[in-house]
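Residue numbers (the numbering used here), protein chains in the order written: chain A, 1 to 269; chain B, 1 to 263.
It should be emphasised that the hints constitute simulated quantities derived from the structure, not laboratory data.
Beta carbons: idealized from backbone N, C-alpha and C, even for Gly.
One or more of the hints may lead you astray.
With the Cβ distance kept under 8 Å, some of the chain A side facing chain B (calculated, not the full set) [claimed, not checked]:
| id | residue |
| --- | --- |
| 1 | Leu69 |
| 2 | Phe95 |
| 3 | Pro102 |
Restraint-style ranges between C-beta atoms, simulated for each label pair [as the list claims (entries may be wrong)]:
| id | chain 1 | residue 1 | chain 2 | residue 2 | range |
| --- | --- | --- | --- | --- | --- |
| 4 | B | Trp248 | A | Glu44 | 28 to 34 Å |
| 5 | B | Ser77 | A | Glu89 | 53 to 59 Å |
| 6 | B | Leu8 | A | Gln148 | 29 to 35 Å |
| 7 | A | Ala264 | B | Arg181 | 56 to 62 Å |
| 8 | A | Glu181 | B | Val14 | 35 to 41 Å |
| 9 | B | Ser77 | A | Gln124 | 31 to 37 Å |
| 10 | B | Ser85 | A | Glu44 | 40 to 46 Å |
| 11 | A | Asp85 | B | Leu73 | 45 to 51 Å |
| 12 | B | Leu97 | A | Glu89 | 41 to 47 Å |
| 13 | B | Ser77 | A | Ala178 | 36 to 42 Å |
| 14 | A | Arg263 | B | Leu97 | 53 to 59 Å |
| 15 | A | Ala178 | B | Met150 | 17 to 23 Å |
| 16 | A | Arg246 | B | Met150 | 34 to 40 Å |
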Amino acid sequence: MNPSPESKPAAPADSQPEFIRLNQVTKRWPNGSVVLNGLDLSVERGEFISLIGPSGCGKSTLLRLLSGLSPLTSGSIRLDGMTPDNAREIMSFIFQDATLLPWRTVQGNVELGLELEGRLTRDQRRERATKLIELVGLSAVAGHYPRQLSGGMRMRVSIARALAIRPRILLMDEPFGALDEMTRDFLNEEVLRLRDNDQFTTFFVTHSVAEAVFLSTRILVLRANPGEIAREIPVSFSIPRTPALRSAPEFLSKVGEVSAALRAVKTAV
Amino acid sequence: MKRAILNLRWPLAVFVVVILAWHGACIAFKIPAYILPPPSAVAAAVAERHQNLIHAFQITAVEAAGGFLLSILGGISIALLFAQSPIIRRSLYPYTLVLQTVPIVAIAPLILMWFGSGVRSVMGVAFIICLFPIIANTTQGLVSVPRNLMDLFRMSNASRAQTLMRLQLPHAVPALFVGLRISSGISVIGAITGELFASSNAVGQGGLGYSIVYANSQLQTDYLFALVLTASVLGFMFFFLVVGLEWWFLHHWHESAMKADAE
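Let's have the full structure, built from the sequences with the hints guiding it.
The following block contains the structure:
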């Protein structure tokens, strides 16, 4: 399959254009090993997609392809009709570590994206950053430097920074992997709350089944060698979700279902 | 403040022991004063000739500071150029190594021959000797930005200039200060080395290097000691000035300054 020309607008005339469309997405390393093999996927506005799978299944690579940080080997990706490179303005990436600038305060870090965009005045930037810092509960430490914050607080700064540009697509690469369970649960709830506020479409890489079930509208279980979608599991719990959901029987059975799918993928290798 | 004084206890004790041993040795072994003057003679020389010392100190301080400041400007500019592409870096870096490996005493006479034996040339010698540590450390800082941070800027469609000014340059400041610390001390060495060669043509009394040559030729060993002492005071002053600036720039956020903070 040939990659379609980069600049061609998506959507044939006969169908409603999908918000995000992956067509035969393939990624090969220079040494020839296949990381992702012919991935097809369409995603609607507002979905929360979790990617879960054994290491080497290409879930982080998929995020890098979506963000345009890494080029496709073949196939195509359309994000609201744009190529990944052109869609950066509507995308934010939240990395595994908080990736804050240590020489900037919380306020300065949250303003960074807006500053680089250069579309808002200084006052507007300050105002929007202040609101977001309030939203993630860090107003008291807005003037602090990253080294003065805990891991969970740093992550919240990272989230606030990502949301400051009002992205329509949010890519999160195992953002809570390094945090303790309580902080992680708390941040999960926060992510859902922020999502109610500001509808963005999310791709979320994680190793935690419970986290994936709690957050997602759809879970993609990937297998490795070569990376492919092994199963798609819709998660149809009502939104907004509350912490109480974690102990509900249907939640636990969904966790069981995803865990089983994950085990099947792992043993198959 | 109290802690600062407590920290000085041990270095002070060492100082006292060394001075006493020195004094004892001079008496016990009957060492002639022109070979090793006792500490009291050095102290007397300092007291007696303090005006000469201050004069020489001022001249050398200006030369060293001039060379040091020029090397900061030059070093940062060259590092910024090097950070632009690996090809530039790879093709030019070996030549900057020459600055480090060629002995300064070999280049100093050339510089003085080309640019005359004035303050400018002495500054030039200090400049050359200071340049390499600043280039090497700053370049390292500019190109060692973590990949995630670079990706973050790419995701924001940051321009090259934005990435340089808001990411690479601030990230390089701690490394720059490592270079500055090294160069602050050797700038004095550079200035004195320059003066050693300048002195032969210079008219009147020059800086510390000139005076050292003079004191040596006159076998005024006590004065020579006083001059060496003055030179190290100058080096210390530069070094602590840099350390102070480093603290001022970095104490908010950087680990190295943080530790000094906690002590």
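These are the hints, each one checked on the structure:
At about 5 Å, the closest approach between the beta carbon of leucine 69 (chain A) and any beta carbon in chain B falls short of 8 Å, and the interface hint on this residue holds. Given the 8 Å rule on beta carbons, the hint for phenylalanine 95 (chain A) holds: about 5 Å separates it from the nearest Cβ of chain B. With 8 Å as the threshold, the beta carbon of proline 102 (chain A) comes within range of chain B, its nearest partner Cβ sitting at about 5 Å, so the hint holds. For tryptophan 248 (chain B) and glutamate 44 (chain A), the Cβ-Cβ distance of about 53 Å falls outside the hinted range of 28 to 34 Å, so the restraint is violated.
Between serine 77 (chain B) and glutamate 89 (chain A) the beta carbon distance is about 34 Å. The supplied range of 53 to 59 Å is therefore violated. Remark: the range hint 29 to 35 Å for leucine 8 (chain B) to glutamine 148 (chain A) is upheld by a beta-carbon distance near 30 Å. Between alanine 264 (chain A) and arginine 181 (chain B) the CB atoms are about 59 Å apart, so this pair conforms to the stated range of 56 to 62 Å. Between glutamate 181 (chain A) and valine 14 (chain B) the C-beta distance comes to about 53 Å, which lies outside the given range of 35 to 41 Å.
At about 35 Å, the CB distance of serine 77 (chain B) to glutamine 124 (chain A) agrees with the hint of 31 to 37 Å. The hinted window of 40 to 46 Å between serine 85 (chain B) and glutamate 44 (chain A) holds, with their beta carbons roughly 43 Å apart. At about 38 Å, the CB distance of aspartate 85 (chain A) to leucine 73 (chain B) disagrees with the hint of 45 to 51 Å. In this structure the hint that leucine 97 (chain B) and glutamate 89 (chain A) lie 41 to 47 Å apart at CB holds, the actual value being about 44 Å.
For serine 77 (chain B) and alanine 178 (chain A), the hinted distance range of 36 to 42 Å is satisfied, since their beta carbons lie about 39 Å from each other. Range check, arginine 263 (chain A) to leucine 97 (chain B): Cβ separation about 57 Å, and the 53 to 59 Å hint holds. Between alanine 178 (chain A) and methionine 150 (chain B) the beta carbon distance is about 20 Å. The supplied range of 17 to 23 Å therefore holds. In this structure the hint that arginine 246 (chain A) and methionine 150 (chain B) lie 34 to 40 Å apart at CB holds, the actual value being about 37 Å.
Against the hints set out earlier in the document, violations occur for numbers 4, 5, 8 and 11.
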